[in-house]
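J.: Model the placement of chain P on the given structure of chain V, informed by the hints.
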Amino acid sequence: MSGGALREPWHSLRRQREAASFGMWLFLASEALLFGGLILAFIATRWFHPAAFAAAGREADIVYGTANTLLLLTSSLTMAVGAQAARAELPRLAGRALGLTLALGLAFLCLKGLEWRADLAKGLWPGPGFALEQPAARIAFAFYWLLTGLHGLHLLGGLSAIAWLAGQAVLGRRPWRSPAFEAAALYWHLIDVVWMFLYPLLYLDGRAA
Amino acid sequence: MSGRSSRRSSKRSLGEATPRSAGAILARSLPVWLVLVGLALASCALAYLPMGRWNMAVSLGIAAAKMLLIGLFFMHLRRPDPLLRLAGGAWLLWVGFLAALVFADQATRAPLTQPEHMEDRTMEPPETAGGRSGF
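Heads up: the protein sequence lines correspond to chains V and P, in order.
Add 276 to the 1-based position in the first sequence for this note's numbering, that's all there is to it.
Add 87 to the 1-based position in the second sequence for this note's numbering, that's all there is to it.
For reference, chain V alone in the conformation it holds in the complex (with noise of 0.2 Å):
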């Protein structure tokens, strides 16, 4: 029934991804207290220096930001079906939807690269010769390239963590009835979520002024 995916000390597998799912979800608690707090520090400096800040979201690539919200939200997609499919015990199909999440989560990142690259060369970056007047919009990029770099970061952590369940899998030392990737899945959920709020934060402020 388990297919060798059962471990110590759990007498049934629905127990055992029960309790796999529990962790990662206290896990992500921790993980939106992290994010909650930056963003919530962002919203609180936002107040006060409302232009400023509308002026930095207007300088932020609206183009490489919207892209990289369809792509995040497909990834989230290819990952539900992915982790559907690897409980279900469809391979072909849980193998492809995992290699696809790799891939956009990847299309992303080299995405992100691009932008952080074209936004140091508009000298967005907060420093001397930073290109925006007001003084509080530093604060504001201050926060871009903090919130961005975590949440890339968080993203490469979750590409490893699928490239790895999935290459045990498809080398056959891991049973795809593994709870492991319902827990993968959920990381990945989040990772998604996060940028969900970075995105109308750090680039639809100031739009339509």
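Everything labelled a hint here was simulated from the structure, so no lab data went into it.
Treat the numbers as computed from the prediction; the structure is a model and nothing was measured.
The C-beta atom is built at its ideal place from N, Cα and C for all residues, glycine as well.
Heads up, a few of these hints could be off.
Said to hold, decoys possible - Okay, the calculated beta carbon distance ranges per label pair:
#, chain 1, residue 1, chain 2, residue 2, range
1, P, 140, V, 339, 21 to 31 Å
2, V, 280, P, 173, 27 to 37 Å
3, P, 111, V, 382, 22 to 32 Å
4, P, 193, V, 285, 42 to 52 Å
5, V, 429, P, 137, 27 to 37 Å
6, V, 288, P, 125, 35 to 45 Å
7, V, 302, P, 111, 25 to 35 Å
8, V, 316, P, 114, 33 to 43 Å
9, V, 280, P, 137, 55 to 65 Å
Said to hold, decoys possible - Computed list of chain V residues with no C-beta within reach of chain P, every gap over 12 Å:
#, residue
10, 284
11, 285
12, 335
13, 379
14, 387
15, 390
16, 394
17, 395
18, 396
19, 425
20, 429
21, 432
22, 440
T.: Using the frame of chain V, we list chain P on its own:
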């Protein structure tokens, strides 16, 4: 398996009745993705509509709607598992406390300590002669 019977059986067995075929998995996930993409494009378009202070409120509202969809359908909080639902919702309470305290502080500060009432000195060269140190 019809939708209704699968929902009923999943209620009985804490979500063990998960889709077994590729068709069922795609039929369950693709519509959610379509709505998510629609919401993302809508938030991008609405950001260009002049709504003043409401622009950010609308885009954050759309972000919250996307979070809810991902949480319910992709992260399986729709499954009636009380332990996972509690664990998946607890952070809302903690972030809620944090937000309440942050905004209570901001809303009740004396006006003079608000930056817009202060002279901005960040771009001035630091005073050197006999005065304050740089930092």
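J.: Report holds if the minimum CB distance from residue 379 of chain V to chain P is greater than 12 Å, and violated otherwise.
T.: holds, 16 Å
J.: Range hint 27 to 37 Å: satisfied by the CB atoms of residue 280 of chain V and residue 173 of chain P?
T.: holds, 31 Å
J.: For residue 396 of chain V, which was marked as not at the interface, is the minimum beta-carbon distance to chain P over 12 Å?
T.: Answer for residue 396 of chain V: holds, closest chain P Cβ roughly 22 Å.
J.: Taking C-beta pairs only, is residue 387 of chain V more than 12 Å away from all of chain P?
T.: Answer for residue 387 of chain V: holds, closest chain P Cβ roughly 15 Å.
J.: Using the beta carbons of residue 302 of chain V and residue 111 of chain P, state whether their distance is inside 25 to 35 Å or not.
T.: Distance hint for residue 302 of chain V, residue 111 of chain P holds at roughly 30 Å.
J.: Is the Cβ of residue 390 of chain V farther than 12 Å from every Cβ of chain P?
T.: It holds; residue 390 of chain V is separated from chain P by about 19 Å at its closest Cβ, greater than 12 Å.
J.: Confirm or reject the claim that residue 288 of chain V and residue 125 of chain P have a C-beta distance inside 35 to 45 Å.
T.: Since the Cβ atoms of residue 288 of chain V and residue 125 of chain P sit about 40 Å apart, the hinted range of 35 to 45 Å holds.
J.: Cβ-Cβ distance between residue 111 of chain P and residue 382 of chain V: within 22 to 32 Å?
T.: holds, 29 Å
J.: Can we confirm that no CB of chain P comes within 12 Å of the CB of residue 425 of chain V?
T.: Answer for residue 425 of chain V: holds, closest chain P Cβ roughly 20 Å.
J.: Once the closest CB in chain P is found, is it more than 12 Å from residue 432 of chain V?
T.: At about 20 Å from chain P, residue 432 of chain V clears the 12 Å cut-off, so the statement holds.
J.: The hint says 33 to 43 Å between residue 316 of chain V and residue 114 of chain P; measuring C-beta to C-beta, is that right?
T.: holds, 38 Å
J.: Please check whether the beta-carbon of residue 285 of chain V is more than 12 Å away from every beta-carbon in chain P.
T.: At about 17 Å from chain P, residue 285 of chain V clears the 12 Å cut-off, so the statement holds.
Checked against the numbered hints listed earlier, the structure breaks none of them; every hint is satisfied.
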